[in-house]
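Trainee: Take the sequence shown: its position 54, counting from 1, is numbered 54 in full-length UniProt numbering, and each next residue is one higher.
Honestly, the hints are just simulated from the structure, not real lab data.
These numbers were taken from a predicted model, which means no experiment stands behind them.
Positions of the beta carbon are idealized from the N, C-alpha and C atoms, including for glycine.
Please note that the accuracy of each hint is not assured.
[Stated by the list, open to error] With a Cα cut of at most 30 Å, we get these calculated DSSO-like pairs of lysine-lysine:
| no. | residue 1 | residue 2 |
| --- | --- | --- |
| 1 | 151 | 98 |
| 2 | 98 | 39 |
| 3 | 98 | 147 |
| 4 | 147 | 39 |
| 5 | 39 | 151 |
[Unchecked claim] Here are the simulated distance ranges between beta carbons:
| no. | residue 1 | residue 2 | range |
| --- | --- | --- | --- |
| 6 | 94 | 65 | 34 to 42 Å |
| 7 | 95 | 151 | 20 to 28 Å |
| 8 | 150 | 92 | 21 to 29 Å |
| 9 | 40 | 10 | 38 to 46 Å |
| 10 | 21 | 94 | 28 to 36 Å |
| 11 | 35 | 67 | 35 to 43 Å |
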Amino acid sequence: MTDLFANILSSETLLIGARLGVAMILGMIIGAERILAHKTAGMRTYALVSMGSALFIIISLIITSRYENVTVFDPMRLAAQIVSAAGFICAGLVIVRKDGIVGLTSSAGLWVSVGIGMASGFGLYNVAIIATILTLFIFVVLWFVEKSLQKTKLYEMIQTNEIKTLDEE
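Using the sequences provided together with the hints, build the complete structure.
Mentor: As C-alpha cells, then:
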C-alpha cells in the first residue's frame, strides 16, 4: 500500500499531472470564451481535447523512454496522428448552410487547443500559454475588428463581389 502512495507521489507522476492539468486549464479558458460567445463547443469540449492531446504525447514519451533499447519509436509520429484525428473532430463543428458556414472559427480554435495540449504534453508550458493568450486575442479582439469592418462599404463590396462605381451610388 505504501508503494502505491510512493508511486502516486513520485516526481514523474507529479510532472505528468502538471502537464495534463495545464493542458486542461488552458483548454477550459478557451472554452469559457466560447461559452461567453454563445458557441456550441465549450469548456468541457476544449478541456477534453486539449488534455487528450497532452495525454497522447505523454504516453508517447513514456513508451519511447521505456523501450528505447528494444525498438526505435518516434514520439512525433504519434503527434502527427493527433493532428489528423483532431481534424476529424473539428470537422464535426462546421455546418454548411445556404447562407454561409457556421462553426468554422470554433473548429479552428479547437484545432489550436490540440496544439496547446501537445505543447503542454511535451512540457512546453511557455508555448502553450502564449498560444492560449493569442487564441483569446483572436476570439475577442479580432471579433470587434471584424464587426467594425462589416460596417464599411469595402467589406460589403468584398462580400457581395460587386464593385459599384461612384455614379451608381
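Trainee: Does each hint fit the structure? Answer for all of them.
Mentor: So, going through the hints one by one against the coordinates:
1. 151 with 98: The hint holds at about 22 Å.
2. 98 with 39: holds, 20 Å
3. 98 with 147: Roughly 22 Å separates the two Cα atoms, so the pair holds.
4. 147 with 39: holds, 17 Å
5. 39 with 151: Holds. Residue 39 to residue 151 sits at ~23 Å (cutoff 30 Å).
6. 94 with 65: 34 to 42 Å: holds, 38 Å
7. 95 with 151: 20 to 28 Å: holds, 26 Å
8. 150 with 92: 21 to 29 Å: holds, 27 Å
9. 40 with 10: 38 to 46 Å: At 40 Å between Cβs, range holds.
10. 21 with 94: 28 to 36 Å: holds, 30 Å
11. 35 with 67: 35 to 43 Å: Holds: the Cβ-Cβ distance is about 41 Å, inside 35 to 43 Å.
Checked against the numbered hints above, the structure breaks none of them.
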